[in-house]
Amino acid sequence: MINLTRLNGQNLVINGDLIERIEDRPDTIITLMTGNQFIVKDSVDEVMEKVIQYKQRVNSPQTNPFAR
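Each residue of the sequence shown is one higher than the one before, counting from 0 in numbering that gives the first Met the number 0.
Hint data in this document are derived by calculation from the structure and do not stem from the laboratory.
A couple of the hints might just be wrong.
[Stated by the list, open to error] Cβ-Cβ distance ranges computed for the label pairs, FRET-style:
| no. | residue 1 | residue 2 | range |
| --- | --- | --- | --- |
| 1 | Q61 | D26 | 32 to 38 angstroms |
| 2 | L6 | G34 | 17 to 23 angstroms |
| 3 | N7 | Q61 | 19 to 25 angstroms |
Here the structure is a predicted model, which is why all the values come from computation and not from measurement.
Every residue, glycine too, gets a C-beta built ideally from N, C-alpha and C.
Assemble the whole structure, with the sequences as input and the hints as a guide.
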């Protein structure tokens with residue numbers, strides 16, 4: 000899960016595995032595989048970095064006993 004901030008300042012937590020695309024126009028729009036869309040304050044680069052960190056945590060042998 001990744002923590003993001005909606006335009007109104009509210010916290011939003013989404014599953015990084017469900018992100019289909021991230022657009023920058025001019026606000027950051029995240030579209031999930033479910034079709035749900037979220038507009039957030041975080042930049043595209045910030046969202047991508049959070050997804051990378053999430054994936055690293057999930058696939059780490061220290062946090063996931065099934066990871067190699």
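For each hint, the structure was consulted:
| no. | hint | in the structure |
| --- | --- | --- |
| 1 | Q61 / D26: 32 to 38 angstroms | holds, 36 angstroms |
| 2 | L6 / G34: 17 to 23 angstroms | holds, 20 angstroms |
| 3 | N7 / Q61: 19 to 25 angstroms | violated, 36 angstroms |
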